[in-house]
Amino acid sequence: MTTEQDLAQASLQAILQTHQNQPGALLPILHDVQDALGFIPDWAVADIAKALNQSRAEVHGVITFYHHFRTTPPAQHTLQICQAEACQARGSRELTAHAEQVLGCSLHGQSADQRIGLEPVYCLGLCSTGPNIQLNDKMVSRVDAAKLDRLLASVKEAQ
Amino acid sequence: MSIRLFVPRDSAALALGADDTAAALAAEAQRRGVDIELVRNGSRGLFWLEPLAEVQTARGRVAYGPVEADDVAELFDALIQGAEHPLGHGLTEEIPYLKNQERLTFARVGITDPLSLADYQAHEGFAGLKRALSMDSAAIVQEVLDSGLRGRGGAAFPTGIKWRTVAQAEAAQKYVVCNADEGDSGTYSDRMVMEDDPFMLIEGMTIAGIAVGATQGYIYVRSEYPHSFDVLNQAIRLAEDAGFLGENILASGKRFQLEVRKAAGAYVCGEETAMLESIEGKRGVVRAKPPLPALSGLFGQPTVINNVISLASVPVILARGAAFYANYGMGRSKGTLPFQLAGNLKYGGLVEKAFGLTLRELLQNFGGGSASGRPIRAVQVGGPLGAYLPESQFDTPLDYEAFAALGAVVGHGGIVAFDDTVDMAEQARYAMEFCAIESCGKCTPCRIGSTRGVEVIQRIQKDEKRPQQIGLLRDLCDTMLHGSLCAMGGMTPYPVLSALNHFPEDFGGAGE
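Here the protein sequences come in this chain order: A and G.
Numbers 1 to 159, taken from the UniProt record's numbering, label the letters of the first sequence in order.
Numbers 1 to 512, taken from the UniProt record's numbering, label the letters of the second sequence in order.
Hints listed in this document are in silico derivations from the structure and should not be mistaken for laboratory results.
Note that beta-carbon positions come from the ideal geometry of N, C-alpha and C, so glycine has one too.
Incorrect hints may appear among the rest.
Unchecked claim - Restraint ranges, calculated between C-beta atoms of paired labels, are given here:
{"no.": "1", "chain 1": "A", "residue 1": "A36", "chain 2": "G", "residue 2": "P375", "range": "48 to 54 Å"}
{"no.": "2", "chain 1": "G", "residue 1": "G441", "chain 2": "A", "residue 2": "A36", "range": "27 to 33 Å"}
{"no.": "3", "chain 1": "G", "residue 1": "G441", "chain 2": "A", "residue 2": "Q5", "range": "31 to 37 Å"}
{"no.": "4", "chain 1": "A", "residue 1": "A146", "chain 2": "G", "residue 2": "P86", "range": "20 to 26 Å"}
{"no.": "5", "chain 1": "A", "residue 1": "A153", "chain 2": "G", "residue 2": "E505", "range": "38 to 44 Å"}
{"no.": "6", "chain 1": "A", "residue 1": "N21", "chain 2": "G", "residue 2": "D113", "range": "32 to 38 Å"}
Whole structure, please, built from the sequences with the hints as guidance.
Okay, structure coming up:
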């Protein structure tokens, strides 16, 4: 076992401890694990299932039901572009096509250099000022192709 | 005395650079040695003006916007005096977009610091809770019944009847669950309440708990709303510390506790029974009804489930009385609804009005027509499961029954405008695709029907046996409407059929 996985294992145990008396704790646990590790690794499923007295199949079923949870590591940066109606009405289809072209991948894919993941999102609740995107933790409104290029350049510089 | 400046902390303002504006104002003030107090208020909901900076003057608050960080150095002199400037809009309260609204639920939003209990109480906060604590349970329920309040999440079921059912149920533990899984595109009023006036939601839920005998509440917030999640958690701590929430509310002996739960990006969890499953830690799969959640809801116990705006409307109803609230509105649609003007509109924003004004009044008088300057061709009201309305229906009054008569819904009050570049066959295809992505998979009409629907519409778009495919699409929509377990599959036909019926030219001209 690597040191990195020891740390991850310790953080999983701490998360399970925190939620041990919470009714319906599975979603809060999965959120904490993903926030801590970036994704929900396969090896964590058995421990989570055991802590909740559930089967691994049940936990797996929950992880795969929800779009938010991921079972593989994310790219270094994540770009989400809203695909819902209010942003469509303000040009999100064109913006998405531009992003796919400059990153060289389609939605759910990663850029050629593997550094930026491109994901759809269905509404950020900023529907008067679309098209809206979220780049890592930051939401940005009124994004056109030029603004998107500047934002992508800024995260690439920042490493 | 320091000069009070306001720059919103609402997500929409932040996404337009409000933090940079606030930092630039603070830096400019320091550079000039001017003593300012910078309040991070909620948003007024005039989003084309965000970031909207305001200054407190003897005449009232004066507005400037949109103020970007780069504008600050040049604007600063005018701003601190409330003087005229090209970015100025005069007294905020006198801006027609705001002045012509009827803000009951959103009375404080944009005015106060969302996390200031002092601010909240200075603006009628907790007046409803204090009155509720002096009443017996049945009287509180009666007050909500008499107000005519109907579920603001979209289903429009009378809130008071739900509460009475739970109040009369016998159980050791009951729950109040707030549905804050605001997934409809074109809606953000729940988000604004949570970020910009969280104590109002806490107060409404506490009153609900007292009325029905529930001691535990949950707020189920979508994961796409991280600011809402954080602000609610901070507000809950503050309310507990001040005795408005917790073991002994305002020394009344009454108990109510709140926990915020983060959803995980499944639209169907906005359906109330799927949401309960999710809070219980399961897949968000819809439950068959009966049993009603009011009798057997969260963890099998009697549960009040209300939308954010329903619960946020309760404090003003208790504070001012049922008659005050019921005096607004038309027919069986009593009170006000915070409409959300979104999509291709010049002046997008939050407009709280009594029911009964027409869609055209909202689009033209408030929205100012399309942002692109082209004619508005279609308007989707009520989210991704709501019908598309053509121009000939724009004079319909916003009233639950008037919209139902058209085969449309008011829903949660989201209004998304499209100009004449929209392809309605593509919007219909998207509605089916969204249903296919988000279906919980429990019932066949929704799970399979949505995928078949995408395929059929693609064939119509490619002109493959178009007349037969249109017949097939109508048949499929009929099956989904009548055979689905919940609104996900049962209402996806609304946008599809309305697109087909009102815009047949986009489907190759064959309405039938």
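A quick look at each hint next to the structure:
1. Our hint of 48 to 54 Å for A/A36 and G/P375 holds, since their Cβ atoms are close to 51 Å apart.
2. A hinted range of 27 to 33 Å for the beta carbons of G/G441 and A/A36 is consistent with their spacing of about 30 Å.
3. Between G/G441 and A/Q5 the beta carbons are some 34 Å apart, a value that agrees with the proposed interval 31 to 37 Å.
4. Against the hinted window of 20 to 26 Å, the Cβ-Cβ separation of A/A146 and G/P86 comes to about 25 Å, which satisfies the hint.
5. Taken as a hint, the range 38 to 44 Å holds for the pair A/A153 and G/E505, whose Cβ atoms sit roughly 42 Å apart.
6. Here the CB-CB span from A/N21 to G/D113 is close to 34 Å, well matched to the stated 32 to 38 Å.
Violated hints for the displayed structure: none, as all numbered hints are satisfied.
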